[in-house]
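Fit chain B to the supplied structure of chain A, relying on the hints for placement.
These protein sequences, in sequence, are chains A and B.
Here our numbering is used: the first residue of the first sequence is 1431, the next is one more, and so on.
Here our numbering is used: the first residue of the second sequence is 1431, the next is one more, and so on.
No lab work stands behind these hints, which were simulated from the structure alone.
The reader is advised that the hints may include incorrect statements.
Any copy will do: because identical chains look the same in the list, a pair fits if it lies in one copy or spans two.
Restricting the straight-line Cα-Cα distance to at most 27 Å, the calculated cross-link-like pairs of lysine-lysine (DSSO-like) are [as the list claims (entries may be wrong)]:
#: 1; residue 1: K1809; residue 2: K1646
#: 2; residue 1: K1661; residue 2: K1977
#: 3; residue 1: K1595; residue 2: K1577
#: 4; residue 1: K1646; residue 2: K1782
#: 5; residue 1: K1483; residue 2: K1779
#: 6; residue 1: K1931; residue 2: K1913
#: 7; residue 1: K1465; residue 2: K1494
#: 8; residue 1: K1433; residue 2: K1763
#: 9; residue 1: K1433; residue 2: K1782
#: 10; residue 1: K1763; residue 2: K1669
#: 11; residue 1: K1779; residue 2: K1433
#: 12; residue 1: K1779; residue 2: K1577
#: 13; residue 1: K1433; residue 2: K1778
#: 14; residue 1: K1994; residue 2: K1931
#: 15; residue 1: K1977; residue 2: K1998
#: 16; residue 1: K1433; residue 2: K1465
#: 17; residue 1: K1774; residue 2: K1494
#: 18; residue 1: K1774; residue 2: K1465
#: 19; residue 1: K1931; residue 2: K1998
#: 20; residue 1: K1627; residue 2: K1763
#: 21; residue 1: K1627; residue 2: K1541
Protein chains: 2
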Amino acid sequence: MEKRVGVLGGGQLGRMLVEAANLLEIQVNFLDAPKSSAKQVSNHDGHVDGSFKDAEAIKNLTAKSDVVTVEIEHVDTYMLEEISKIVDVQPSWQTIRMIQDKFAQKEHLQKYGVAVAQSVALKEASIEELESAGKTVGLPLMLKSRKEAYDGRGNFPVKTKDDFKSALEALGSNRDLYAEKWANFSLELAVMVVKTKDDVFSFPTVETIHENSICKLVYAPARGVSDSINKQAQELARKAVSCFQGKGVFGVEMFLLPDDTLLINEIAPRPHNSGHYTIEACPVSQYEAHLRAILDLPLHQEDLELREPAIMLNILGGDSPNSHHAFAREALKHRRTKIHLYGKGQAKKGRKMGHITVCAPTMPEAEQLIQPMIEFADKDKPSSTTTTKPTQPNEQPQVAVIMGSDSDLPILLPGLAILSRFHIPYTTRITSAHRTPSVMASFASSASSQGIKVIIAAAGGAAHLPGMTAAYTSLPVIGVPVKPTVGDGMDSLLSICNMPKGVPVATVGVNNAVNGALLAARILGAGDVGVRRRVEGYIRESEEEVKGKDGRLVEMGAEGYAEKFLGKK
Amino acid sequence: MEKRVGVLGGGQLGRMLVEAANLLEIQVNFLDAPKSSAKQVSNHDGHVDGSFKDAEAIKNLTAKSDVVTVEIEHVDTYMLEEISKIVDVQPSWQTIRMIQDKFAQKEHLQKYGVAVAQSVALKEASIEELESAGKTVGLPLMLKSRKEAYDGRGNFPVKTKDDFKSALEALGSNRDLYAEKWANFSLELAVMVVKTKDDVFSFPTVETIHENSICKLVYAPARGVSDSINKQAQELARKAVSCFQGKGVFGVEMFLLPDDTLLINEIAPRPHNSGHYTIEACPVSQYEAHLRAILDLPLHQEDLELREPAIMLNILGGDSPNSHHAFAREALKHRRTKIHLYGKGQAKKGRKMGHITVCAPTMPEAEQLIQPMIEFADKDKPSSTTTTKPTQPNEQPQVAVIMGSDSDLPILLPGLAILSRFHIPYTTRITSAHRTPSVMASFASSASSQGIKVIIAAAGGAAHLPGMTAAYTSLPVIGVPVKPTVGDGMDSLLSICNMPKGVPVATVGVNNAVNGALLAARILGAGDVGVRRRVEGYIRESEEEVKGKDGRLVEMGAEGYAEKFLGKK
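So that you can see chain A by itself, here it is in the shape it has in the complex (with noise of 0.2 Å):
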C-alpha cells in the first residue's frame, strides 16, 4: 500500500503493530534504538535509530511517513504540533497533550459529561494541599502523578492522614500532583474503542485483573456482567473517545462499583495491554484497526466482534534472563495456547516479556485451558499476593434446570442423571413466577450472559414458569409440565405449551424430565461434538436395550417374560 506509517517508539505495541502492517504491505518506520522489539519483525530501510524523545530523529522520521503515530503516550506534544504542519499525526497532538496530563484528561472528559471519579489537582505537593483535597474527595484517596504514570507507578493510595507525608515523598515533590476520590470497584473493565474518519466502534467490553497496578489477566468477554452493564460500558467507552479529536485506536479503563454504575479510569490514545486478546479472538485485532482508522481504510464493526471468547495472561519477567522462555515451554505444552514473545531479550524482573492468548468455544472451557498457566505464573510468588480476583469454577453449567418449588425437585432428578451422563454442567435453582417474580426476572435476563446455553424449567398446574422464563430471555427453554396433586397434568401441560406466537417454549410430556434432559443434549450437541457423541450413544444402548428384550420375549413366550420381568402370573 502507498501510504507510510511513522511510529514513535518500538516496543512491544509497535511489533504487534507491524505484525499487523506487513499483512497489507504497509511500510512501518520506526524511531527508537537499533534492535528494538518492533523493528526485529521488519526489514526495510525506513527506520530510524534514535530516541523518540529526540527532535532531529523525530524530523527525520517525519520526512520518511505519510502519517506519524505513536505506540506510548509519553512524547514531546511540542514536536508533534511542529510536524503536525507538515505531516498527518494520529490521533492529534492536542488528544495526546489532553491525555498525558491525567487530571486535565478528566476535566476535559468531566466537561463533556462522561463519568470519572471526583478528582482534585493539588497547587504544589505539599501537606496541606493533600490535607485540602482529602476534605474534598474524602478518605482513603489515590494521589496520583498528572504525568508520566503507567502500570502502576505514579500511584499512592493515602488510607489515613498518617499516610500524606509517605505519599509525597513516593510520588516527588517536584510532580504535578492530583488526589482521586477512591473507587471501590467491584470490577475493572476495559473497551478497546476504533475513532475513525466518519465512526466510533468499539471492542467487546472485557474484564481485566491487575496484580500490583500491573496487567495481569484480561478475560473477553468480561465475566459475570450482564448485557444491560456491558452496553452501558459500551457507550460509556465510545462517548469518553468521542470527546478526543483524531483516528486511531484508544484503550479505555472503567470501575464498575457495586452500584452498578461505571467510571472512566483513565484512557490510552494508542493500542493497550488490554486488547492484545484481539489478534486471535477478532477477525480485526487493535493494531489492524489502528492502521485502518489512521490510514482511512474501511472498517466495520462486525470486525471488532468476537470470535471465541479468549483469556490473555501476561509474561512478566522473573528472577532469572530466561524466565520468560521458561514460561513460553511451559505454555507450549498447553492446548490452544497461543504464545507472543516480544524479542526484548534478557528479562528484568516485572517487565512485560510477551503475553498468551487461549480462546476457546466457551469461556469455562478457556478457563479450564488457562489455568495451569496462570499457577505456573503464580508459582514463585508469597502466597499472601494472590490474584486480587479469583477466577470462576471450571465447570461453569451450560444448562439450568429451575423448578417453581422443591416438590418438583423428585420428578427432575432421572433428568438431572441424564446431564450428569452425559458430563453437562449444570445448576439447579428454586425460582417461582409467582412468589418470586423478580428473582425470576432477574435470573432469566442474565443467564445467558452468564454462559448458560439452555434453561430446563418445571412447573405444575398454572405452570407459568418455563413461559416466563421464556419471556426473559433469548435461550432456547425448555418446559417441563409437572403432574400437580390433583388432576392428570393436562393443565401444567397446556399452560407450558400454549405459548402466544414470539415466545416460544418447547414443550415434553407430563413429568418426563428424562425427555427435557435429552432435549436439552440434542440442543447443545449441535455446537459441541463430544454431546453429539455421547448422544448417539444412548440412543444405540436404547435400541439395544429393546432389542435385548425383543430377544428375551421371543426366547420365553409372552406368558414367561411377564412373570419373570412383569411379576405377573
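For chain B alone, coordinates are given in the frame of chain A:
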C-alpha cells in the same frame, strides 16, 4: 528459544513460517535473494544472500543453523544429504528426494498400501512409450513430468492418440515422464499432516478448487462430505505421510471419486497453499505446527482443529503491476476478511501475490461473505473459463421443515417467514410417517450429515411424524401440532408431546409454527451470533409493538381503541 532454523528459500511460505517463529523468538535464517518475501519480516544478521541451489551458500546457512528445512521441494537433495552429516535436516533428504520424483513418490506409497492413481513411467519421451502407457492406464490419461512440476506446470492432459505429439512437445523431450490414469474426481480434497517425533497429527479435511491447475479456493471443512468420507480422508492422509521419514508438515492432496473412494494425488513435504487457512482458523497454524514438529516442541491434535469454518481465496497477479493492491483494497471493504500480501513487489500475471481468508460461525455465512471477492477475482475473465468446479449454492439449509401432507403447508408459512427474516436457510419437504415411512426414515437418518441442525415437523391427528423423525436422528426435533378438520387439535398436541422417555420432541402450541421457527432460531443462536442478534432484535420489536399498542390504548381509551383497531363499536 535456543535452536536456530535455516530455510532453503524465502518466498511466501517462508514469510508465513517466520511470522509464526517471531512470536516464539525462534531465529529463522533464510537463504534467498536479499529482499526476498521472508526476509522482509525478519531483521537479524543470520540470513544468507544467494540462491538455495548454491552449495557454498547452503554450507554458510548450515553453519548458522541448528535445524535446516525447506519451503520448496525442488532443492538439491545431494547437498541436503551432505549437510545432514553436520546439521539436523527436516524432513529428511531421503523424503524430499523421493517426493521430488512424483513417480517414485507414487511407487513408494503403493508399496505401503496407500491408494494412488495407477501410473506408468515412460522409459523415454517417445510416442511408442506413450502408446504403451496408454494401453496400461487407458485413455484419457494425464501425462506428467516426474520432477520440477508444480502449479500445473509439467502436466498435460492426453485425451486421444491425437494428443500424443503435442503432449510430448509441451513437456519437452529431455524430461522424465510418466502417465497417470485419468481421475474423474467428484471433489479434490486436501489434508495438512504434521509428523512429530512421536505422532502423526492432521488438520481438517478441506476442499480445494483449482483453476488452470492453480489452487484458487480452499474450503475448510470440505463441503458436503460425509463424516465417513472425512474420516477416511484423515486416515489416508496420515497413513500416506507415515510412509516418509522425518518431521514437519506435509500437504496431502487427494481425489474423491464418484464411488466415494479416495486416491492420493500428491504430497508436498512442507507447508502448503491448502493450509494457509489454518493461520486464522486453527489454534496452531500449519507454520507453527511445522516449527513445533522440527524443533521437538509439544503439539496436540486439538491445536489443529477448526475454530470456525474458513474459506481461502488466492490473490493472483493480474494485468497491472499493482493488481494485488487493487484486490486488497477491495477486500478491505468486506467484513471478516483477513488479507495476507506476500511482499513480492510488482505483480506478474498469474503469480501468487497473496491470499485472503474469511472465517465465520457457519460455512454458508463464510460463503456469503467471500462471494463478492470471488466475483472480483473473476471479473476480468472470459466467461468461458469459469471455476472448474462451481461452488455449491451459498445457502445450505440449516433447518429442515417437514410435513406429512401439503395441507399442513399453509399453517407452516408464517414460521417459514420467520426463518427467512432471520436469514436462516431452510428446506421444506413432504414426507409422511404413514404413507412414505422409508423415505421419512432415510431423510431423518441422513439429515445431520447433510448439514441440517434442527428439524421442524408439522403433523395433525395421529401426528406421528415429529416423534418418528426424532427416533431416526440425534438432532433436536420441534413438533408443530396441526389442528385437524375435526376437533380442536388436542389429539395432535398429545401425539407429539407425550413421547416415551428417551426420544424427546420439543412441542409448541397447536398451529403455532411461528413459535416452532422461533425455537429453531433460539437453538441455532447458541452457536451463531448473527442469529442470536436477530432473535434479540425480534424480542425488542415485539416489546415495542406491545408498548405502542398500550400507548395508543391509553391515549384513545378502550372504546376508541376497539373501534379503530379492532373494528368493534
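Here is how each hint holds up against the structure:
{"no.": "1", "hint": "K1809 to K1646", "verdict": "within (14 Å within a copy, 49 Å between copies)"}
{"no.": "2", "hint": "K1661 to K1977", "verdict": "between (54 Å within a copy, 22 Å between copies)"}
{"no.": "3", "hint": "K1595 to K1577", "verdict": "within (20 Å within a copy, 80 Å between copies)"}
{"no.": "4", "hint": "K1646 to K1782", "verdict": "within (10 Å within a copy, 41 Å between copies)"}
{"no.": "5", "hint": "K1483 to K1779", "verdict": "within (25 Å within a copy, 46 Å between copies)"}
{"no.": "6", "hint": "K1931 to K1913", "verdict": "both (25 Å within a copy, 16 Å between copies)"}
{"no.": "7", "hint": "K1465 to K1494", "verdict": "both (19 Å within a copy, 19 Å between copies)"}
{"no.": "8", "hint": "K1433 to K1763", "verdict": "between (41 Å within a copy, 18 Å between copies)"}
{"no.": "9", "hint": "K1433 to K1782", "verdict": "between (31 Å within a copy, 23 Å between copies)"}
{"no.": "10", "hint": "K1763 to K1669", "verdict": "between (42 Å within a copy, 25 Å between copies)"}
{"no.": "11", "hint": "K1779 to K1433", "verdict": "between (39 Å within a copy, 25 Å between copies)"}
{"no.": "12", "hint": "K1779 to K1577", "verdict": "within (24 Å within a copy, 55 Å between copies)"}
{"no.": "13", "hint": "K1433 to K1778", "verdict": "between (36 Å within a copy, 22 Å between copies)"}
{"no.": "14", "hint": "K1994 to K1931", "verdict": "between (50 Å within a copy, 23 Å between copies)"}
{"no.": "15", "hint": "K1977 to K1998", "verdict": "within (21 Å within a copy, 61 Å between copies)"}
{"no.": "16", "hint": "K1433 to K1465", "verdict": "both (24 Å within a copy, 20 Å between copies)"}
{"no.": "17", "hint": "K1774 to K1494", "verdict": "both (26 Å within a copy, 22 Å between copies)"}
{"no.": "18", "hint": "K1774 to K1465", "verdict": "both (9 Å within a copy, 25 Å between copies)"}
{"no.": "19", "hint": "K1931 to K1998", "verdict": "between (48 Å within a copy, 23 Å between copies)"}
{"no.": "20", "hint": "K1627 to K1763", "verdict": "between (44 Å within a copy, 15 Å between copies)"}
{"no.": "21", "hint": "K1627 to K1541", "verdict": "within (23 Å within a copy, 63 Å between copies)"}
Hint check: no violations occur; every hint is consistent with the structure.
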